[in-house]
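A.B. asks: Residue numbers (my numbering), protein chains in the order written: chain S, 1 to 267; chain L, 1 to 427.
Calculated directly from the structure, the hints in this document are not laboratory data. All figures in this text were calculated on a predicted structure; none of them were measured in a lab. One or more hints might be untrue.
To be verified - Using C-beta positions, here's what the derived DEER-type ranges look like:
| # | chain 1 | residue 1 | chain 2 | residue 2 | range |
| --- | --- | --- | --- | --- | --- |
| 1 | S | Lys260 | L | Ile109 | 43 to 51 Å |
| 2 | L | Gly219 | S | Arg235 | 38 to 46 Å |
| 3 | L | Leu26 | S | Lys260 | 29 to 37 Å |
| 4 | L | Phe209 | S | Ala241 | 47 to 55 Å |
Stated by the list, open to error - Here are the computed lysine-lysine pairs in the DSSO-like style, where the Cα-Cα straight-line distance is at most 30 Å:
| # | chain 1 | residue 1 | chain 2 | residue 2 |
| --- | --- | --- | --- | --- |
| 5 | S | Lys260 | L | Lys38 |
| 6 | L | Lys229 | S | Lys251 |
| 7 | S | Lys127 | S | Lys170 |
| 8 | S | Lys260 | L | Lys229 |
| 9 | L | Lys6 | S | Lys251 |
| 10 | L | Lys29 | S | Lys251 |
| 11 | S | Lys260 | L | Lys6 |
What the hints assert, rightly or not - Covered by chain L, according to a simulated footprint, are these stretches of chain S (three or more residues, beta-carbon under 8 Å):
| # | segment |
| --- | --- |
| 12 | 86–98 |
| 13 | 148–162 |
| 14 | 235–244 |
| 15 | 251–257 |
Glycine included, each C-beta is placed from N, C-alpha and C at the ideal position.
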Amino acid sequence: MRRLAAAAALGMVLLAGAAYAAGEEELPPFLKTNWSFGGTFAADAFGTYDRASAQRGFQVWNEVCSSCHSMKLMSYRNLAGIGLTAGQIRAIAASKTVPGDLNDQGEPTTRPGLPSDHFASPYPNEKASRAANNGAYPPDHSLIVNARVNGANYIYSLLQGYVEPPPGVKVPDGLYYNKWFVGHQIHMPAPLQDNSVTYADGTKATLAQESHDVATFLYFASNPHMDERKHLGVRIVGFFALMAGLTYAVKKHVWSDVHKATHDEER
Amino acid sequence: MAGLHKSDFQNPVLNWVDTRLPILTLMTKEYGSFPTPKNFNYFWNFGALAVVNLMVMIASGIFLSMNYNASTAGAFDSVERIMRDVNYGWLLRYVHMNGASMFFIIIYIHIFRGMYYGSYKAPRELLWMSGVTLFLLLMATAFMGYVLPWGQMSYWGATVITNLFSAIPGVGNWIVTLLWGGFSVDNPTLNRFFSLHYLLPFVITGVVFLHVVALHITGSNNPLGIDPKSEQDTLPFHPYYTAKDSVGMAVYFLVFATIVFFIPNLFGEADNYIPANPLQTPNAIVPEWYFLPFYAILRSVPDKLFGVICMFGSILVWFVLPWLDTSPVRSARFRPMYRWSLRLMVLSMLALGVVGAHHPIEPYVSIGRLATIYYFLHFLVLVPLFGFIERPLPLPESISKPVLRRNFPGGGGPLPTGAAAKPMEKI
Ligand code: HEM
Chain S
1 MRRLAAAAAL GMVLLAGAAY AAGEEELPPF LKTNWSFGGT FAADAFGTYD RASAQRGFQV
61 WNEVCSSCHS MKLMSYRNLA GIGLTAGQIR AIAASKTVPG DLNDQGEPTT RPGLPSDHFA
121 SPYPNEKASR AANNGAYPPD HSLIVNARVN GANYIYSLLQ GYVEPPPGVK VPDGLYYNKW
181 FVGHQIHMPA PLQDNSVTYA DGTKATLAQE SHDVATFLYF ASNPHMDERK HLGVRIVGFF
241 ALMAGLTYAV KKHVWSDVHK ATHDEER
Chain L
1 MAGLHKSDFQ NPVLNWVDTR LPILTLMTKE YGSFPTPKNF NYFWNFGALA VVNLMVMIAS
61 GIFLSMNYNA STAGAFDSVE RIMRDVNYGW LLRYVHMNGA SMFFIIIYIH IFRGMYYGSY
121 KAPRELLWMS GVTLFLLLMA TAFMGYVLPW GQMSYWGATV ITNLFSAIPG VGNWIVTLLW
181 GGFSVDNPTL NRFFSLHYLL PFVITGVVFL HVVALHITGS NNPLGIDPKS EQDTLPFHPY
241 YTAKDSVGMA VYFLVFATIV FFIPNLFGEA DNYIPANPLQ TPNAIVPEWY FLPFYAILRS
301 VPDKLFGVIC MFGSILVWFV LPWLDTSPVR SARFRPMYRW SLRLMVLSML ALGVVGAHHP
361 IEPYVSIGRL ATIYYFLHFL VLVPLFGFIE RPLPLPESIS KPVLRRNFPG GGGPLPTGAA
421 AKPMEKI
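In isolation and in its complexed conformation, chain L is listed as follows (with noise of 0.2 Å):
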């Protein structure tokens, strides 16, 4: 319905600006006293941090635009200019370049916190492919940049990569044409790469929106996995999480600013320092450290299409994970299969990536297939058969009882039951 906003703003300016656009209702609503599980652990931290994260990344990437040139001509040597002539080019550019890395840390760390403790469970099922579908967005993005600067990883990768989509029947070699705008990856290519590469950021950003309007919805998940029951269980939101998540965001500047300023090549190739030449094929070609998993299992399966299937699919698997695992139960505390499961995945995740980083040789081969076939087991088979094979420790009532027994063990246990919770007079 149409009409005014009836807003509690007492200074009279706000007041006239949220009446006519709440968005002042909006931000205290949903940051100030929003009523967030007070169980919290640091895990719950990194949403934000990513947030910030793309912030920082348009913010440098913007800046770089304006002495990045597009050519193949021109692309190394502007981004040695930027490195070397323009006012602090060098920090721009480190943090863009080490940004992305840090963008892949973080979110890797949030969906391993959303697989843990159950985050994709009903009725957060749009709020997880959301997520999902933002992990795609931030691959394809990193991977046009990574291209910009025309060194040999960003030919031969983008070489590489590319080549895979013509794995498709049919299609294929039409949409490598496409993606090339020619008949190898040349000039054309390298602009389009950076139209879409100044694009996705801020089709991300939307997504973003999207993520979090869907989870002020549902509201969040926590350690425990159960829902909040009473106001003993939540906190709001200001000033307990701003407080917890500010302790966050400067351990992440710390550490982030300690790579940029000090080890500012330290993910990356040293031969995308030498300048692209289609005529000379490196020694190893590699991509970056964060794609590494996926281009292992690529490598790990013989045929060309099952291959390129076998490296979307283990992404792709994620949108149904919902779906897959049958167990009620949402945190891995109370699941005891479910947990050694999942940590076994990690570990193959990581064996991948150390085999991605290597020539296809023994003995990585034969660990690079023993870890794909782990991961699709894990998604395809254990998890769904979780549901029915494993018995879940008993769960707690609500999220302030566990939190009320000090040497709370990690793995739940029998709670005393009918105690109710006696109120709590503080909060």
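Same shape as in the complex, but just chain S (with noise of 0.2 Å):
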């Protein structure tokens, strides 16, 4: 009977083991990046944004992404989280132009943005964007990250996995071919090159670093308080780990009586 059982809940467990890893979806792994605020033990646990490749990926992103992609739940003085001062913060929101109050006539007007404004929009609403994107809607890029399983390197291989599609298949007027999308066939024309910027601190501007730059970037824009979590977290840990150590040398002593009553109890 208890080999019996033993034996059938052994099989049970590899069984479902075996089906978890073949799992369901075909797509190639993702491309290998170091990235400073994850990957490895030490990395999740300690790791803050990479400053400058976050400064060089939102340099990326404005001059790329967002011709398309908006970013809405962002706003321009949520920046100094990737270390831009308030003077370079208050220039990038005086160069955009956002929606400004109704007019004494009533009409809408527009002003220059400021700090405190969410990111402008490159089109006014979903259906103007996919009227430009030939009926695909580039997706908000605010939670872009944590929207896709595994998102920062996801994101970093989507951007480098623009290839010649396979021989025999045959990829349709609009769309393109890409090693990393779900079904291989994606909306968004392969957005950035070798020098598609020119980076102001000298990096050279090779597709993996800006892939890599802008990746990092949206994983912050996902996740703005990412470096104050963990730096508070190894502290409240700490504490409870400490608690944990003493609470249990105090229910040792505050048992000792029983536990030596059950031993002179033994002899």
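Fit the two chains together into the complex; they arrive one by one in their own frames, and the hints show the way.
C.D. replies: In structure tokens, the structure reads:
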């Protein structure tokens, strides 16, 4: 009875495990890169944003992606989180045009942006953006990393995934072949090539570098409080580890007379 | 009989209060000197942990509500505003979101503890049934809470789950319309779910109170499943179990904090970071992990109505477990057959959890059906049968006996008869 049950149990676990490993998606594994903020135990626990990379990533996003994608939940002031100064932020905001108040005739107006404004969107609404993009909607980028499984690695790979379609595969007009997109046919034309931007800090703008930087910035946009969260986390987890040790010591002490009595009895 | 309570408190202020409202006497009796079996293992921590978790949920929930906007147009953005702009809003939200998962981990262990050590048997039937009620209320609360952030999974999960009720003959569609407040999951649904999500935790608090009152009438069960016979078998709750519960509490907060601060989206679905869109069905609609086994049972049954019956039945069967179990022995330590069947049942649940997370294709379909069958076989056939065919191991004479024996074998074992316990001076 015992053996039989054990064998049955083991069989079931193995079966479920094998089924799990078989998976359901046939995309190639993502490209590998090192993130300052995660991927290894040390980076997950203590890693903060690589601010230089995030700032370069903002440059890529601002110069390239923002012509199609919005980032409605971000405000210009949030850029302080990647180390931009108040002056830089004011200048970036002022270079954008955002909707203003109604004028005295009741007509809509526009004005230069302020640090407190949300990021200006490239299109007034979803319909307009579909009209401009072959019917496809470039999704808002505020949460794009969190909204995809393994988001940073996915975006890093996706941006470098534009390759010649395998022989025999016909890609319709307005669609592009991408190794890492589900179904492999995406409405987004390859947004980045080598030297799509010129980095002010002299970093070589290879496709991989640009992809890495913009993915770092997008991770920041999805998780603007990550640095603060981990910083606080190390102290709080440390505190409870200490408490666990202390309470255990107290418990042992309190129970020592019970255990001692037990042992005395035994002798 | 009306009249002032005679209080033992020396402090004049405390005495004054206690004379009129004997809450201090009550607390001392129930949590100070309360005689508690001396042989609890760490499984006995989880009830206290559940109470703490409930308080954490209520506290974080009240502060979330202050910035939450229950409307289809505003819900998603208001949750993100909490995450980005409210001071420590990200902490509140991650605590609440992961607190729900912690709650289910704790409750599942707590329920398993009850099943393993036979805590549902006489005289604890009502205690057990109030616990099953709590589990159902918890599921309802968590389900409605998950709808509130109004992401893709919130919306589509709500649509799938509420639609289940339409399988009920006659009144099904009426119930669904009532849940929706209209003809699909929409603004009225979100509004009533928020209202109920705020209400139910306080209903839970009330039932927890009944649960604890019932516990303090019957007293706790223990790993041996035999009743304490003398004072030697018990210890005062304080300081022994307050100390032991503190250890559990610290470990619980350690695990909880690690998740909240370092892997806050561990239990989450990426799709729920996409705002709800009624026109676009996600690739896969998956409920939260804690519902997966029941969801898998639902999908394992080819017929919709029967599937819904099996899904709800898989939990409702716990209500009658005290009467399905025909064995007089409580603890699985002394029940060789029951012990194995219970382990297999747990394994079926785990397998169902994996199955529920995947598209209904092979081999998941077969594994799901097998596990579903075993699940019901266990409760409806084997558990009633074991009482007649199982030969339990000999029970120890008293709790202090096996405690007295070092290297007490996990499976019990024959004990020397007639060796009466000697009094222990220390306690
Ligand atoms: C039994 C205790 C409770 C459970 C199991 C529970 C569960 C949940 C869950 C699973 C969510 C979705 C989390 C997410 O994915 O964002 C949620 C959200 C929410 N809950 Fe609760 N909750 C409980 C108590 C409360 C209480 C007492 C309140 C208010 C007083 C409350 C207010 C809210 C609010 C405003 C939200 C939306 C914000 C958000 O999604 O983070 N909850 N709850």
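A.B. asks: Quick one: see if chain L covers the segment 86–98 of chain S, three-plus residues with Cβ-Cβ under 8 Å.
C.D. replies: Violated, because only 0 residues of the segment 86–98 of chain S bring their Cβ atoms closer than 8 Å to Cβ atoms of chain L.
A.B. asks: In this structure, is the beta-carbon distance linking Lys260 (chain S) and Ile109 (chain L) contained in 43 to 51 Å?
C.D. replies: violated, 31 Å
A.B. asks: Taken at face value, is the distance from the CA of Lys229 (chain L) to the CA of Lys260 (chain S) at most 30 Å?
C.D. replies: At roughly 21 Å apart (the allowed maximum being 30 Å), Lys229 (chain L) and Lys260 (chain S) satisfy the hint.
A.B. asks: Regarding the pair Lys29 (chain L) and Lys251 (chain S), is the alpha-carbon distance no greater than 30 Å?
C.D. replies: Cα-Cα ~21 Å, so holds.
A.B. asks: 38 to 46 Å was suggested as the range; check whether the CB atoms of Gly219 (chain L) and Arg235 (chain S) agree with it.
C.D. replies: Given range 38 to 46 Å: holds, Cβ gap about 41 Å.
A.B. asks: Three or more residues of the segment 235–244 of chain S near chain L by CB distance under 8 Å?
C.D. replies: holds (count 6)
A.B. asks: Do Phe209 (chain L) and Ala241 (chain S) keep their Cβ atoms within the hinted range of 47 to 55 Å?
C.D. replies: violated, 33 Å
A.B. asks: So if I understand the rule, the pair passes when the alpha-carbon distance is 30 Å or less; does Lys260 (chain S) with Lys6 (chain L) pass?
C.D. replies: violated, 38 Å
A.B. asks: Going straight from one Cα to the other, do Lys229 (chain L) and Lys251 (chain S) come out at no more than 30 Å?
C.D. replies: Holds. Lys229 (chain L) to Lys251 (chain S) sits at ~25 Å (cutoff 30 Å).
A.B. asks: Lys6 (chain L) and Lys251 (chain S): Cα distance at most 30 Å?
C.D. replies: Violated - the C-alpha atoms of Lys251 (chain S) and Lys6 (chain L) are around 34 Å apart, more than 30 Å.
A.B. asks: Are there three or more residues in the segment 148–162 of chain S whose C-beta lies within less than 8 Å of some C-beta in chain L?
C.D. replies: holds (count 3)
A.B. asks: Within 29 to 37 Å or not, the Cβ separation of Leu26 (chain L) and Lys260 (chain S)?
C.D. replies: With a Cβ separation near 33 Å, Leu26 (chain L) and Lys260 (chain S) satisfy 29 to 37 Å, so the hint holds.
When the structure is compared with the earlier hints, violations turn up for hints 1, 4, 9, 11 and 12 and for no others.
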